[in-house]
Structures are given as structure tokens and as C-alpha cells.
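Asker: Each chain is listed here by its residues.
2 protein chains.
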Amino acid sequence: MDKAGKRSAAGRAAQKHRAILAAATTLFLRSGFKGTSMDEVASLAEVSKQTVYKHFADKEALFREIVEGVTGSSDAVIEVITAAFGDVLATTSDELEARLCKVAGVYLDVVLHAQVLSLRRLIIAEAEQFPDLARRYYEQAPARGIEVLMNCLQPYVDVGLVAADDLRLAAAHFAYLALGPAQDRMLFIPTERPTPQERNQLAAASARAFLNAYGTTTSTAPTTSRTVPPAGSQ
Amino acid sequence: MDKAGKRSAAGRAAQKHRAILAAATTLFLRSGFKGTSMDEVASLAEVSKQTVYKHFADKEALFREIVEGVTGSSDAVIEVITAAFGDVLATTSDELEARLCKVAGVYLDVVLHAQVLSLRRLIIAEAEQFPDLARRYYEQAPARGIEVLMNCLQPYVDVGLVAADDLRLAAAHFAYLALGPAQDRMLFIPTERPTPQERNQLAAASARAFLNAYGTTTSTAPTTSRTVPPAGSQ
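Quick note, the sequences are listed as chains A and B, same order.
With this note's numbering, the residue at position 2 of the first sequence is 56, and numbering never jumps.
With this note's numbering, the residue at position 190 of the second sequence is 244, and numbering never jumps.
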């Protein structure tokens with residue numbers, strides 16, 4: 055085979071590899087690991103079963119590559135959280151509340167994405183059979199989101215707008231205040247997506263609850279735009 | 055057949071019914087709906103496959119009876135929550151914080167029970183295939199827990215120790231503050247059970263965060279045991 059022929063063969067092989075991965079992802083998300091057969095994967099990918107086995111030794115290898123691939127691309131969550139926090143520090147509690155509201159909103163959008171929820175269901179379903187994969191996913195997705203939140207909150211601890219003995223737990227509290235109600239409901243009832251209005255209410259309520267729990271009104275920056283409530287009214 | 059013979063036949067049938075349900079529960083929790091066969095159920099229950107089909111038309115009927123059975127017995131959650139709140143109202147914020155800490159602790163114990171978590175994984179896994187069952191479970195277990203919390207918090211709104219525009223959402227916030235971090239981690243990593251010390255820390259932190267977010271220091275009852283913090287320091 056000449057050089058051009060080799061390139062073209064490699065290109066076709068890569069194309070088949072991608073087609074098999076795409077087909078398997080669709081089937082695993084729809085029917086789970088045990089409910090999916092290599093025959094179905096071959097059929098949906100429009101390749102022979104022999105070709106599937108040339109690319110993946112067995113169904114487990116295919117499953118692992120898919121989950122690892124999605125886990126590796128969890129950067130999307132990190133990006134939307136850090137972007138929503140912004141490059142410039144908020145200098146008042148009101149400003150910070152507005153930022154946290156925005157963070158909670160985009161965080162909700164990302165984790166309630168239909169395919170993210172389906173993947174979450176799939177990995178939870180297989181957590182006992184593939185403990186290493188489920189652990190990696192947990193560490194790279196939910197736990198990493200909380201870590202990023204913690205890093206984004208740290209400057210607000212430094213300037214005195216946020217106070218927490220355990221900032222990691224405070225960040226987790228913010229995450230579950232924001233995501234808990236809607237994410238839990240949609241894990242069981244995939245069709246019960248919050249309306250845009252509900253999504254905004256959930257985000258606003260979580261930002262408010264978090265700042266009431268962990269915010270301070272003392273800041274190294276002027277807090278003119280904040281109305282200080284009477285003692286204990288929070 | 056005489057009367058005693060009929061009774062004994064009925065007893066044997068009921069015993070087989072229970073044995074089939076117990077075997078199927080074990081298998082579904084271990085291998086999921088699709089990963090379990092009626093042959094395996096018969097084998098583990100030590101009955102013939104014919105007997106299994108005499109009791110349950112198909113695997114779906116068996117699955118439904120198990121999930122409905124567990125869903126119906128979610129009273130345990132309600133009992134532990136209401137018992138932890140106690141019969142007599144706490145009259146100070148400090149007392150209420152101690153109650154909420156106890157509530158959060160027993161709530162964690164119930165939802166992190168290994169079999170409850172396995173069932174949660176199983177139902178989440180099958181949420182797209184059995185939407186009606188998953189919805190019923192959600193309504194009867196997580197959502198009902200939040201409703202009970204809300205009912206238990208209402209008297210504290212009435213006496214002015216708790217203030218919330220939306221008490222249902224405030225109750226959900228308490229639930230996810232308390233349960234979110236550990237429940238989410240254990241859904242993915244079944245072996246990462248909080249130590250008794252971590253469990254107490256999670257419970258205490260959630261009670262404190264909730265009361266900072268939704269508690270007031272004004273109460274119709276004397277609040278002598280509470281140190282009122284300076285304005286806005288929460």
C-alpha cells in the first residue's frame with residue numbers, strides 16, 4: 055500500500071472507531087451496560103461485529119473508553135463556573151450575591167443537560183460493577199465542580215465577604231443548595247425539567263441562602279450598595 | 055383437599071411468594087433489572103421457573119411489586135425525622151439548632167443505609183424504562199421526606215424562630231445541606247461511608263448553615279441561651 059493508501063485506511067479506521075463509540079454511547083445511555091449487546095453496537099454503527107471487536111476487545115473496554123472520554127471532558131463545568139464568577143472580584147455582598155446567582159444558574163444548566171443526566175444515571179447504575187470508573191467520574195465531575203467553587207470563593211474569604219471554618223464544605227453546601235432539589239428530581243423524573251422561571255428562582259434562593267449562611271457584611275471594600283438588615287432579621 | 059390441607063397449601067404458596075421476592079430483590083439490587091433473569095430468580099429462591107411464573111406474569115411484574123413494596127414502606131424516614139424533632143417545641147435558636155443537628159444525623163443514617171442506596175441506584179438506573187415507578191418512588195421517598203421536614207419546621211415559623219418566603223424550598227435546602235455531600239459521594243463510591251465523626255460534622259454544619267440562612271434570633275419565647283451576634287455578622 056502506498057502512503058496515500060495508508061493515510062486513507064487510517065482515516066477510515068478512525069472514522070469507524072468514532073462511529074462505534076457514538077453508537078455505543080447512544081445504546082449504553084438508553085439501555086445500560088447489561089442491556090446493550092455488541093451486535094446492537096455493530097448494527098447501529100453500520101459496521102460488522104468483527105470490526106467492533108477489532109477496535110474494542112470486549113464490551114467492557116468500549117464502556118470504559120466512553121466513560122473515560124466523558125470524564126476527561128468535564129472541563130466544561132469548570133469553565134462555566136469560573137466564567138460566571140468573572141475576572142474582577144465583586145466588592146459588595148450585593149454584587150457577590152448577583153455573581154453567585156449567575157454561577158448557580160449556569161451550574162444548573164450544565165448538570166441538568168439531558169445527556170449529562172443520562173450519563174450520571176448510567177454511571178450510578180454501574181457503580182457497583184465498575185467501582186474504579188464511578189470513582190474517577192465522581193472525582194472528575196461532581197467533586198471537581200465543588201473544588202472549583204472553593205477556589206473561586208477563596209478570594210472572597212480573603213477580602214472578608216465570606217467566612218467559613220471549612221471552605222470545602224461551604225462550597226459543597228453552595229453546590230447542593232443550588233443543584234440538589236432539581237437534580238435529584240430529574241434523576242428520577244427525567245421529564246421534570248425546571249422552567250426558566252423555576253431555574254432562576256432556584257439559583258436566586260441558593261445564592262441568598264448561601265450568603266446568609268456564610269456571607270459577612272464586613273468587607274475590606276466599601277459596601278455602600280448593601281442595605282444592612284436589622285439584627286437577626288436574616 | 056381438607057381445610058388443614060388448604061391452609062397448609064396456602065401457607066406454602068405464601069412462603070414461596072416471599073422467597074421469590076427476596077431472591078429477586080437481592081438479584082435486582084446486585085445486577086439491575088436487565089442483568090437479572092427469571093432463571094436466576096428461580097435458582098436463588100430454590101423453586102422451579104414454572105413456580106416463579108405462577109406467582110409473577112413476567113420479570114416486570116416482579117420488579118414492580120418489589121419497588122412498590124419498598125416505596126410503600128418509606129414511613130421509616132418520616133418516623134425518624136418526626137421523632138428527632140421531638141414532641142415539645144424547642145424555644146430557643148440554640149435548642150432548635152441541637153434538634154436540627156439530631157434530625158440531620160438520623161436522616162443521613164436512613165438514606166445512607168446500604169440497601170436504601172442500592173435501591174436508589176436501581177430505580178435511577180431504570181428511571182427511563184419505568185418512569186411511573188421512578189416517579190412514585192421520588193414522590194414517596196425524597197419528596198415526602200422534604201414535605202415532612204416542612205411540616206416539622208412550620209411551628210418554628212409560627213413562633214418566629216424560622217423565616218422563609220417559600221418554606222418547601224427552605225426544607226429542601228435543609229435536606230440537601232444535610233444529605234447532599236455524603237449521599238452524592240456514596241451513589242458513585244458505595245464504600246465511602248462517612249465515619250461517625252464525619253457524619254456528626256456534616257449534621258452539625260448543615261444545622262448551623264440552615265439556621266444562619268433561615269433562622270431568626272427573634273422568638274416569641276425567651277432566647278436567653280442564645281448569644282445574639284452583631285448585626286449582619288451571620
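Treat each hint with caution, since some may be false.
Covered stretches of chain A, as calculated for chain B (at least 3 residues, CB under 8 Å) [stated by the list, open to error]:
#1 81 to 91
#2 102 to 113
#3 184 to 198
#4 238 to 252
By construction, these hints were calculated from the structure, which means they are not laboratory data.
No residue lacks a Cβ here, since even glycine has one placed at the ideal position from N, Cα and C.
Asker: Hint compliance check: list the failing hint numbers for this structure, sorted ascending.
Answerer: 2
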